[in-house]
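Line by line, the protein sequences are chains A and B. Per the numbering used here: the first sequence = residues 97 to 476. Per the numbering used here: the second sequence = residues 166 to 491.
Derived by calculation from the structure, the hints in this document are not laboratory data. Heads up, a few of these hints could be off.
Stated by the list, open to error - Per the computed footprint, the stretches of chain A lying under chain B, defined by three or more beta-carbons under 8 angstroms from a beta-carbon of chain B, are:
| hint | region |
| --- | --- |
| 1 | 141-147 |
| 2 | 201-213 |
| 3 | 233-243 |
| 4 | 359-365 |
| 5 | 387-401 |
Note that the structure is a prediction, hence the values are computed from the model and not measured. Using N, Cα and C, we set each Cβ at its ideal position, and we do this for glycine too.
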Amino acid sequence: MDLSFTPAEEEFRDEARTWLAENVPAEPLASMDTPDGFEEHRAWEHILFDAGWAVVSWPERFGGREASLVEWLIFEEEYWASGAPGRVSSNGVSLLAPTVFDFGTSEQQDRFLRPMARGDEIWAQGWSEPDAGSDLAGIKTKAQRDGEHFVIEGQKTWCSRGAFADWFFCLVRTDPDSERHAGLSYLLVPADTEGLEARAIGRLDGEPGFAELFFDGARVHERYLLGGEGEGWAVAMATTGSERGLNLRAPGRFMAAADRLVDLYKELADSRGPDLDRRDQVVSAWMGSQAYRWQTYATEARLRGGAPIGSEASFMKVLWSELDVELHATALRLLGRDGERADSSWMDGYVFALSGPIYAGTNEIQRNIISERVLGLPRR
Amino acid sequence: MDFSFSDDQIMFQEAVRDLLANECPPEVVREAWENDTGRTDGLWGALAEMGVVGMTAPESAGGLGMDETDLVLLLEEAGRAALPEPLLEHTAVGIPTLAEAGGAIAEAWLEQAVAGEATLGAGADGGYAVGAATSDLVLLIGDEIRAVPVAGASLVEHQSVDWSRRLFEVDGDEVVLDADPGLAFDRAAGAASAQCVGVAQHLLDATVEYVAQRYQFGKPVGSYQAVKHHLANAALKIEFARPAARHAAWCIAAGDPDRSRDVSLAKVLASEAVDLAARTALQCHGAIGYTFEYDLHLWMKRGWALSAAWGDAAWHRNRIAAALGI
C-alpha cells in the first residue's frame, strides 16, 4: 500500500492541469441540453480530443493515451477542478464504449470509437421505454430480421439529448416470441435512419434535453448489431460499471463541487458570520466526496488485482448520486433567500443532481442489487 | 497510488482472523464481561506469540518493525470478533509512542511491552484509560503525553456500557514523554476507526444471516424490501468508511501532512457506520436482538463505545472544519 502518487502520476497531473488552465473556456458554454449549447459542447470535445485528453484511458489508436485507471481518476480530478464544461459525449464514452471494447468486432471498434471520442458522433442511449423503466427487461420495441437488416417498431423514451444526438445505442427485442431477459439484442442505430423520429421533451429545467424515439419500420443493417443476436441483455449488463471508465461519474466531479461549496461557505461567512449548523452540513458533504475518492482508489486496486467490479458498482452509483443532491441542496440552504434564484449554477446543478438517483438504474434498484447480489439476501 | 495490501499483510490478517474465530467466540467475550479484569484468559499471550502484540516496535526492540498499514487489517479483525484485549492502547498507541520517545522510559518498558510481559494502557487526558488496572504503564494523551506507572497510581473506575471495557481515571507519578501527542491521539482515533469498521461488519454479517433464516408470513424477513434497504444502507456506510480508515492508517504511517484531517474523516465515517449498523442490526433482529442473552448486544455496545471514544463524530467534524478553514 502506498497512497502517495508516483512521480509519473504527479507529472501526468501537472500536464493535465497546465493544459486545462490554458484551454478551458473562460465563459461557461450554453447548456448542452439546448441545440446551440449541444454544438458548443461538441466543439469542446474536438479540442479535447485533438489535444489527447478526450479519452485518456483508451488505446492510442482510438485517440487515447493508454493512461492507467489511476491516471484517469487524476485526470477527472483536474478536469472538474478546472471548471471545464460538462462532457456531452459521456454517454457514448462511458456507457457504450466499454461494450464496444468487450463485444464489438474489430470493424465495429475501428468504425465507431474514434468518432465517438472526438464528438464527431455523439451517442444517446435508447433503453428505457414507456412501460420499461426500472423493469428494463420489460422492453417491447421489436427488431424483426429481414435478410441482412433489422426492422424496428416501437418506442423509446427518456433519451438524454436524443433530439440532437447522431447515433443511438438501443436494446430491442429481436425474438418476437421471447420474454423478459431473453431474445433481446444490442443495436446501434443512426439518428438519420428513415422511419425513426426523435421528439424532444422538456426536462425538469424546461430544456429539451430528453427525447422520445418513435420507430416505424426503421431498417438497420446487421453490421450494427453489437454482440450476438439475442444476447443483448448479457452484453448490456456485462459492462455496466466497466473498468474502462470505472463508471459514469468519477470522484473528481464531486470533489470539485465540494471544494466550491467550502468556498461558498467561506464567502458567505465573511459577510454574515459563522453558522455552525450549515457549516456541519458543508463538512458532511465534503466528507462524502473524500469517502468516494478513497473507496474508488481502493476499488482500482481490487480491479488491478483481477477482481471484477460487478454488483459493487451499485455502491458507487448510490453514493455519488445522493452525494450530488446533498452537495447542491446544502449550497442552496447556504444561499438562503437567494437559493430560489434561477441564475445560479447551484440551482442548475441541484435540478440536474435530482436526476441522479433516478437514471442509470434507480437507487431503489441499486439497493436491491446491493442486498441481493452483494449481501446475498433472498430474492423472494 | 496503490491501495492494495501485500500477500504478507493479507496472510497476517487471515491468521489473526482464524485465531479469533477459534479462541474468541462470544462465550469468551462474555467471560470478559463478567470477570474481574475485563480481559480474556490467554488470548493476549496467543497474540504475543504470533508477534501481534509488539508488531509496531522496531526489530531492534524485538518487534516486527511494522506500521499502521500492517496493523489496520488486524484492528478490523479485532472489532469483528469484539476482542476484549488492548490492541488499540498497547499495540497501536503505546508501543510506537514509547519507541518514538526513546530514553529511559523506553529503556524501562519497551522490550517488556513488545514481549507482552508488560501491558501499556492509553487514554485521552481528562478522559478514561480503558483497562488501566490490568496495565503496567498508562499514557495519558493531551497537550502532552504523560506516562503514569500503574503501581502506586490512584485509579477511579467507571462502568462502561460494554462491560469488558473497564474505564479508569488515572492519577499518579508521571513522566512527560518526548513524543508528539497529536500523533499519539491520531494513532488512537485511527485505530478506533478500524475497529468500528470491523464491529460494523460483524453486525451487518450477523444480521444478514439472521434475516435469511427468520421466517414471517411464510418467507424469510430478509426477502422484504424494507429490510433489504435497511441493510443496504448499513452496507453502504461500511463500504465507504473502510477505505477511509485504511487511508487514515497510511497517513499516520507515512507522515502525511493532512494526517489529522484525514484521521478525523475516518473516525466520523466509521463512527457513523457502526452507529447505523448497530441500529439496523437491532431493528432487523427485532425483539430477540433486544435481549441480554442473545450475543448481538456485545457488538452493539462495543460499537457505541468506540464511536464515542477518541473523539466522537461531532468532535472530529469540528476538526475537519478547522482544517478546511471554515
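Broken hints, by number: 1, 2, 3
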